[in-house]
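J.: Below, each chain spelled out in residue letters.
Number of protein chains: 2
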Amino acid sequence: MTDIRDNIDRANQKVVERLCAGQPVWIGCKTAVDVIPGMTRHTILHAGPPIEWERMCQPMRNGILGAILYEGLASDVDEANSLASSGRLTLAPCHQYGAVGGMTGITSASMPVHIVRNEAFGNLAYCVPHEGASPTGFGWGTYDEGSIRHARWMQEELGPVLDAGLRGVGGINMRQLIGRAIQMGDEDHGRCGAATTLLTRELAPHLVRLDVSKDVLGRVFDFLLSADIFALHVIMAAARSMVEPAKKIPYSTVVTTMARNGVEFGIKISSLGDQWFTGPAQPIKTVFFSPEWTAADATPDIGDSSIVETVGLGGLIHAAAPAQEAAFGGTYAEALRKTEEAYAFCAGVHEAWTIPNLDFRGVPLGIDIRKVLKMGVTPILDTATAHKDGGKIGIGEARAPREAFEAALRAFANSHEAESIDA
Amino acid sequence: MTDIRDNIDRANQKVVERLCAGQPVWIGCKTAVDVIPGMTRHTILHAGPPIEWERMCQPMRNGILGAILYEGLASDVDEANSLASSGRLTLAPCHQYGAVGGMTGITSASMPVHIVRNEAFGNLAYCVPHEGASPTGFGWGTYDEGSIRHARWMQEELGPVLDAGLRGVGGINMRQLIGRAIQMGDEDHGRCGAATTLLTRELAPHLVRLDVSKDVLGRVFDFLLSADIFALHVIMAAARSMVEPAKKIPYSTVVTTMARNGVEFGIKISSLGDQWFTGPAQPIKTVFFSPEWTAADATPDIGDSSIVETVGLGGLIHAAAPAQEAAFGGTYAEALRKTEEAYAFCAGVHEAWTIPNLDFRGVPLGIDIRKVLKMGVTPILDTATAHKDGGKIGIGEARAPREAFEAALRAFANSHEAESIDA
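Residue numbers (my numbering), protein chains in the order written: chain A, 20 to 442; chain B, 20 to 442.
What the hints contain is simulated information worked out from the structure, not anything from laboratory work. Please note that a few of the clues may not be correct.
In the DSS-like style, the derived pairs of lysine-lysine whose C-alpha atoms are separated by at most 30 Å in a straight line are [stated by the list, open to error]:
#1 B:233 - A:49
#2 B:49 - A:233
#3 B:233 - A:233
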């Protein structure tokens with residue numbers, strides 16, 4: 020008779036294999052309503068697990084107000100507020116639409132979205148482009164005129180130019196690019212400078228041949244140069260495309276989604292498909308950009324960007340990015356320790372994403388909720404910090420809340436109650 | 020009474036300080052004869068210490084023949100051979116003209132040269148652009164039609180476009196860029212992918228705004244994408260500009276130049292100015308690109324690129340670039356060991372160029388010939404391998420010959436024979 024533990028281990032290996040087999044290719048950047056199945060003119064997507072307007076944190080509400088104004092669905096903020104709370108809009112998690120979004124994650128019909136296709140399985144994923152170096156924008160929870168103007172620029176110039184360039188290059192293989200970026204000191208969440216620089220260099224020969232004015236091209240390259248973080252949202256879409264085929268493997272206790280809405284942190288595990296398990300969004304250990312801000316000003320952990328930790332990047336691999344650790348005063352030894360911890364709670368490694376200074380050991384891949392709970396340490400998520408009223412005010416790291424993992428294990432146990440199970 | 024050792028130590032610290040204070044800025048890419056003082060239509064510069072035509076290795080001779088044909092100084096190879104051996108050309112080391120050159124180092128009047136200005140001291144240095152991914156070219160010791168055509172393209176398109184772009188950007192600070200590239204896994208000799216990618220991204224906003232056709236721009240960006248090694252020759256010029264102000268500090272035993280011509284390896288030490296001390300060019304431990312080649316096909320160590328080890332990069336910092344070590348089958352532990360060795364024979368560290376996985380310790384800087392001889396280990400030079408008849412056939416690493424260091428220490432001792440000296 021087979022022990023359930025053998026079934027779980029085999030299932031978890033299968034999940035790791037599917038994550039590892041993913042071949043995410045960045046193939047385009049098109050208007051959300053044209054490409055995201057189910058998206059409408061009255062749909063606004065947000066980060067994290069589902070949450071109603073009334074319970075949302077202020078930055079997320081602000082992002083929605085911004086999107087309503089940007090889409091022309093209301094003519095002023097009061098009208099936008101009424102519409103947002105009226106129930107006449109579809110407010111739903113990005114994840115529910117095959118997408119992800121940074122921080123507030125606000126994604127509306129007219130916005131351009133990166134499209135990543137997982138060539139190994141054929142599925143697609145989406146993410147709005149990162150807003151760049153500015154501390155404001157819908158993602159950061161602001162809706163001032165500058166935020167709306169910048170969103171318009173991304174819609175009118177950035178998206179179409181990137182899309183045409185990607186057509187020229189025939190898509191960029193993000194499995195290779197992320198692998199190379201890790202060799203170059205990116206953990207690909209807080210630090211994406213290598214990935215952004217590589218993307219820029221790879222796109223450049225095609226962008227310069229487009230029938231586009233020098234002014235427009237110049238602005239696109241200015242933007243790419245200004246924002247080391249630009250690649251993050253392409254990497255997030257790549258990760259989103261990798262996790263989909265790893266879902267719904269019976270018996271698997273491996274995490275296939277981690278996402279936060281600023282109020283709750285939610286996870287999914289493979290065997291339980293698209294069911295969310297939540298705990299409270301955690302405070303972020305933040306390095307604030309200015310002494311004027313303290314923890315009291317900060318929104319708790321927010322955004323879908325933790326999809327990158329779900330596929331073995333970010334907070335799981337500080338050993339590959341000692342600068343990420345150093346930004347918070349940590350030593351190289353501490354970076355190594357954190358990464359060893361991640362190896363201990365993961366079910367496997369990614370064969371193509373390797374860490375040079377660990378003799379090219381694959382990154383830890385496939386967070387096993389059983390191991391997390393047994394060890395008593397939850398994954399670290401590298402992140403940024405939004406002001407409670409909106410705007411970027413720092414960078415930081417947070418731990419996932421234990422409650423979400425406990426809820427998932429309880430549900431897993433219930434679904435197998437006839438069999439013997441033990442965390 | 021001051022011990023001479025104190026004078027030496029103080030002098031060596033001064034040399035380290037001057038190397039460290041260097042602010043190399045890549046300011047242009049212009050025609051050699053227009054910018055290199057003393058250069059004429061009949062001057063051809065080569066790598067390494069001085070050597071007559073008769074004693075040169077074949078790749079260096081081939082490069083000179085190629086340059087003669089490219090410059091139109093002869094109409095065929097026989098005529099070029101006669102001219103080269105006639106004594107009517109000035110054949111001299113790049114180093115003698117404030118320049119450096121990769122592999123054969125061939126530099127002639129019409130070639131474009133990167134210009135780097137050491138802003139802290141005001142001096143200039145030069146290096147021809149790297150020929151890119153091709154295994155042929157004057158640098159590799161070939162003079163076929165393709166090599167000449169490619170040199171012409173660099174003269175007519177690459178050089179002018181880079182020069183205009185650099186004017187637009189106002190120069191690129193190579194101290195910062197090299198520092199960042201080290202954070203990204205470049206040792207900046209065998210591995211320059213991060214530096215090349217960063218340069219491309221930094222130049223792009225200015226290049227796309229130039230009044231240049233899309234075709235020309237496209238070819239320039241294709242070239243920059245094709246050759247991870249492109250930045251090496253800019254880095255070499257930067258290093259060359261850094262060592263000049265560190266020369267001629269009385270009492271200093273720190274190396275200010277290392278260069279090879281394929282027959283001899285030569286060094287200079289600070290206190291003895293521009294005097295060369297040589298030993299035999301060493302065989303290269305090579306990973307050959309094809310099993311058709313063996314050590315018997317290889318030219319000994321050649322090129323001025325070892326100027327980068329002179330300023331603490333390349334073979335001195337494999338700890339920062341484990342992939343460079345792995346390319347030769349070495350482990351991370353071996354990379355660490357080699358870098359510890361370099362710290363032991365260097366007089367100091369570079370404060371702005373740091374190694375993340377050594378807790379941001381500065382790279383070892385200022386090779387002290389006393390320590391090299393006492394330890395019995397000479398610096399490692401990361402390099403490429405040329406076929407004995409020309410053409411790139413592998414990548415490798417070589418050790419500097421002990422003889423050059425011994426000759427330098429003897430000369431140093433002679434110059435201080437009245438004082439007590441002891442290696």
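J.: Each hint needs a verdict: does it hold in this structure or not?
T.: Verification of the supplied hints:
1. B:233 - A:49: 24 Å, holds
2. B:49 - A:233: The given pair, whose Cα atoms are some 24 Å apart, holds under the 30 Å limit.
3. B:233 - A:233: 10 Å, holds
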